[in-house]
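Asker: Residue numbers (numbering that gives the first Met the number 0), protein chains in the order written: chain A, 0 to 181; chain B, 0 to 358.
Hints in this document: simulated from the structure, not taken from any laboratory. All residues carry an ideal CB built from backbone N, CA and C; glycine is no exception. Certain hints may be false.
[What the hints assert, rightly or not] Ranges between beta-carbon positions, derived for each pair:
(1) A:Gln56 x B:Gly133: 25 to 31 Å
(2) B:Arg242 x A:Asp55: 26 to 32 Å
(3) B:Leu4 x A:Thr104: 51 to 57 Å
(4) A:Gln56 x B:Glu223: 51 to 57 Å
(5) A:Ile106 x B:Lys303: 33 to 39 Å
Single-letter residue listing:
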Amino acid sequence: MTEEIIISGFGGQGVLSMGQILCYSGVVEEKDVSWMPSYGPEMRGGTANCIAIISDQKISSPILTKFDTVIALNQPSIDKFESAVKPGGLLIYESSTALNPPTRTDIEIVPIEAANEATKLENPKVMNMIILGAFLKKKPILKFDNVLAGLGKVLPERYHHLIPLNEKALRRGMELVEEVTA
Amino acid sequence: MKKELKLMKGNEAMAEAAIRAGADAYFGYPITPQSEVLEYLTNFAYQKTGMVILQAESEIAAINMIYGAAGAGKKVMTSSSSPGISLMQEGISYIACAELPCLLVNVVRGGPGLGTIQPSQGDYYQSVKGGGHGDYKMIVLAPSTVQEMVDYVKLGFDLAFKWRNPVMMLTDGALGQMMEKVELFEQLPRETVNGIEKWATIGKTKDRERNVITSLHIQPDKMEEINLHLQAKYKKIEEEEIRFEEFAMEDAEYMITAFGLVARICQKAAMLAREKGFKVGVFRPQTLFPFPYKQIDSYTKQIKGILDVEMNAGQMVEDIRLAVNGKVPVEFHGRMGGVVPSPEEILEKIEEKFVGVPA
């Protein structure tokens with residue numbers, strides 16, 4: 000199993016944390032992992048992205064241009080990375096704010112109204128976790144318990160009281176996939 | 000014993016490795032993309048081992064602190080990124096002449112000038128061919144994974160003391176910023192390295208002459224003698240310390256040469272090429288000085304051509320050409336200024352340069 004993912008959105012949406020949670024979970028399962036952030040001026044408010052690779056084999060290039068999964072949290076990310084999904088791959092995007100949905104027909108496209116759902120959970124910040132839950136439902140590459148362990152590693156201890164809320168958001172994302180693909 | 004696996008950023012992993020290697024001191028000045036090194040050490044080093052961490056007033060001050068502490072036989076380290084390393088060159092030349100052990104790390108960013116903060120390999124010449132004045136060499140290690148950034152800290156200190164020579168770890172901004180799974184080695188004690196009393200300024204005892212550390216030898220005869228001694232040492236290093244990694248070279252008809260992170264991108268490109276039926280392998284020098292000239296030359300009987308890939312305008316490619324001495328064609332592909340080549344782009348270059356071209 001090798002899963003090559005790019006997660007992209009605005010700085011502050013939790014793009015980098017999503018990738019880190021996946022990679023921490025991968026380490027728990029003793030898989031090979033790689034997390035490559037886009038760093039630099041764009042981190043300060045503009046678009047941010049990270050490439051996360053999780054594999055049973057040794058990972059070669061940590062920098063890629065084609066992905067098994069693209070996770071797009073905003074319109075610029077949809078525009079930029081729709082073409083980067085491998086044929087037959089997966090594109091998950093935040094659909095409550097997207098004006099121009101993706102149009103490719105040779106990939107699976109999963110719209111998730113994560114921003115709206117996060118508001119319902121009374122914390123817009125867990126939007127990223129809803130999307131991450133949706134991804135894990137579509138691609139169960141990691142055990143849910145290990146993802147929670149990863150979450151505990153990425154969240155600083157002073158925020159550990161928020162783990163139950165994040166778990167709820169992950170589970171909500173999983174449910175949403177069933178609703179949109181049913 | 001259970002392996003200690005962690006997910007760490009290259010810069011932080013390197014800093015943790017310095018603590019665990021039993022380093023005595025780190026002197027440095029922050030610069031992107033390696034500021035996490037000083038930050039991490041400040042948070043954890045002194046508390047754990049009593050290691051001295053000092054933010055110097057400039058890179059020039061930092062390298063001279065290294066010179067002083069290395070002269071006292073201490074295990075010392077600094078790190079910086081390209082423009083900061085440029086500022087250190089005078090001090091590095093002095094340290095090389097005075098034959099002092101130290102570990103230097105360059106987390107290379109795009110240049111020339113103040114450049115960008117994105118990854119680059121534009122400092123190959125500076126590290127390998129001298130950068131400071133005079134005929135000196137550093138041992139240059141080029142990691143391609145976060146794990147190697149950890150391992151080469153330990154190796155770097157060992158080589159520095161073995162040869163009484165500065166060791167440079169030449170890495171880049173992407174390796175510094177990315178996170179990978181690492182296995183950390185156990186904490187080593189901070190202890191005095193055996194044999195330093197022969198050269199270090201640690202206080203004269205009655206049974207020996209005083210040790211003098213200097214790079215100034217006014218008499219040309221004496222200075223030439225020192226140069227000859229250094230050259231003899233470098234020759235021995237070339238005989239004993241060459242390290243390299245081969246990927247899919249057994250049956251390769253074409254060879255990609257690359258160092259550091261780029262070599263991994265080339266491995267992916269080689270796999271893509273093999274899916275298309277082109278037998279491509281990758282040769283990665285892990286030591287840039289000493290350079291594996293002979294090992295590269297030994298492939299000239301097997302391969303039809305070499306594509307050298309670097310994040311610069313073509314620096315290591317000169318050593319590849321020296322190694323093969325015209326026996327096979329050597330092509331080059333480079334990206335500059337902080338742009339990283341993609342596996343697909345490298346595959347395209349292989350096809351463009353070699354496939355369909357009669358050997």
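Asker: Determine for every hint whether it applies to the structure shown.
Answerer: Going down the list of hints, with the structure as the test:
no.: 1; hint: A:Gln56 x B:Gly133: 25 to 31 Å; in the structure: 46 Å, violated
no.: 2; hint: B:Arg242 x A:Asp55: 26 to 32 Å; in the structure: 28 Å, holds
no.: 3; hint: B:Leu4 x A:Thr104: 51 to 57 Å; in the structure: 42 Å, violated
no.: 4; hint: A:Gln56 x B:Glu223: 51 to 57 Å; in the structure: 54 Å, holds
no.: 5; hint: A:Ile106 x B:Lys303: 33 to 39 Å; in the structure: 38 Å, holds
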